[in-house]
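Residues 340 to 562 in my numbering are what the sequence shown lists, from first letter to last.
Hints are computed from structural coordinates only; laboratory data are not their basis.
Keep in mind the model is a prediction, meaning the values are calculated, not measured.
Keep in mind that the hints are not guaranteed to be accurate.
Listed next, the in silico SDA-like pairs over lysine to any residue satisfying Cα-Cα at most 20 Å (straight line) [what the hints assert, rightly or not]:
| # | residue 1 | residue 2 |
| --- | --- | --- |
| 1 | K406 | Q419 |
| 2 | K505 | D540 |
| 3 | K444 | G405 |
| 4 | K487 | L473 |
| 5 | K442 | K544 |
| 6 | K554 | I533 |
| 7 | K449 | T383 |
| 8 | K543 | G477 |
| 9 | K406 | I384 |
| 10 | K442 | V502 |
| 11 | K412 | N390 |
| 12 | K544 | G532 |
| 13 | K387 | V400 |
| 14 | K427 | K444 |
| 15 | K544 | V502 |
| 16 | K398 | N370 |
| 17 | K487 | K387 |
Pairwise CB distance ranges (calculated) [said to hold, decoys possible]:
| # | residue 1 | residue 2 | range |
| --- | --- | --- | --- |
| 18 | N520 | R486 | 21 to 29 Å |
| 19 | T383 | F440 | 16 to 24 Å |
| 20 | Q549 | F440 | 35 to 43 Å |
For glycine and all other residues, C-beta sits at the position ideal for the given N, C-alpha and C.
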Amino acid sequence: MNFLKFACCIVLVSFLTCNEDPDPARFFTINIEPKASTYQAGDTINLKLVNKKNLEVSKVVYSIDGKSQSSEKGFILPEQSLGNQEIKAEVIIDSDTLFIFKKLKILASKAPEIFTYEIINEYPHDMKAYTQGLEFYGDTLYESTGRKGQSSLRKVDYKSGSVLKKIDLEPSYFGEGLTINDNNIYQLSWQAGIGFIYQLDVFKKSGSFQYGQSKEGWGLCHD
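Hey, can you work out the whole structure from these sequences and the hints?
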């Protein structure tokens, strides 16, 4: 190992061991060419690792959104990675690895189509029913309403707004998403970690279920 390489290693080791919050940006930064405020998916850019301390680098691997490329030149911005992103450079120096990041904004290669809408009908609805989940089954509307201490499951004639049947949840449950499958209604609660099952034909509660690793229940649907 020559003296320069040895000195570089000493600098790096000192940096990694003596600083409680080491900042790799003191040693390296990433430049992007061409410079721009935004880029488009599919664009080809060139990356340059700026080595501020002239450390001897063994290898550099660049990636964005988990997709790696080994070349600095001809780095293609993936179509699936839109919005605010980061280029990551994995810099290997002997047995040490540093990670350097560069922020950039990626726009879609094709502008999204703008949709409009037209109101074709209006129907009455209970203003006190804070609908969190809903589904039409035939010509009937089923609603899960969420309000602290006043959540419910409702079967509604959507044309008149009349509530045909209603099951009130216990005050400790806040109603959320709803879907219907195999003659059962499935309803989520918000933060209780539990969902409820009802028989569709008789509109009666038949069971419950835990919703796994999710911290909160929100929307619910099925395919």
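Tested hints:
Between K406 and Q419 the alpha-carbon distance is near 10 Å, which keeps this suggested pair within the 20 Å criterion. A C-alpha spacing of about 13 Å is found between K505 and D540, which places the hinted pair at or below 20 Å, so the restraint holds. The straight-line distance between the Cα atoms of K444 and G405 is roughly 16 Å, inside the 20 Å bound, and the hint therefore holds. Distance hint between K487 and L473 is fulfilled; the C-alpha atoms sit about 18 Å from each other, no more than 20 Å.
This hinted pair does not check out: K442 and K544 have alpha carbons roughly 51 Å apart, beyond 20 Å. At roughly 10 Å between alpha-carbon atoms, K554 and I533 fall within 20 Å of each other, so this suggested pair holds. Distance hint between K449 and T383 is fulfilled; the C-alpha atoms sit about 16 Å from each other, no more than 20 Å. Annotation: proposed proximity of K543 to G477 holds, straight-line Cα distance about 19 Å (limit 20 Å).
Between K406 and I384 the alpha-carbon distance is near 15 Å, which keeps this suggested pair within the 20 Å criterion. Using a Cα cut-off of 20 Å, the hinted pair K442 and V502 is violated, with the two alpha carbons roughly 52 Å apart. Among the hinted pairs, K412 with N390 is consistent with the structure: their alpha-carbon atoms are about 17 Å apart, no more than 20 Å. With a C-alpha separation of about 17 Å, the suggested pair K544 and G532 falls inside the 20 Å cut-off, and the hint holds.
Restraint check: the Cα-Cα separation between K387 and V400 comes to about 12 Å, which is no more than 20 Å; the hinted pair holds. Our distance criterion of 20 Å between C-alpha atoms is met by K427 and K444, whose separation comes to about 14 Å. With a C-alpha separation of about 18 Å, the suggested pairing of K544 with V502 holds against the 20 Å cut-off. Between K398 and N370 the alpha-carbon distance is near 17 Å, which keeps this suggested pair within the 20 Å criterion.
Proposed proximity of K487 and K387 is contradicted: the alpha carbons are some 55 Å apart, above 20 Å. For the hinted restraint 21 to 29 Å between N520 and R486, the CB-CB distance of approximately 25 Å keeps it satisfied. Restraint check, T383 to F440: a C-beta distance of roughly 20 Å satisfies the suggested window 16 to 24 Å. Separation of Q549 from F440 is about 38 Å and conforms to the stated range, judged on CB atoms against 35 to 43 Å.
In summary, the numbered hints that this structure violates are 5, 10 and 17.
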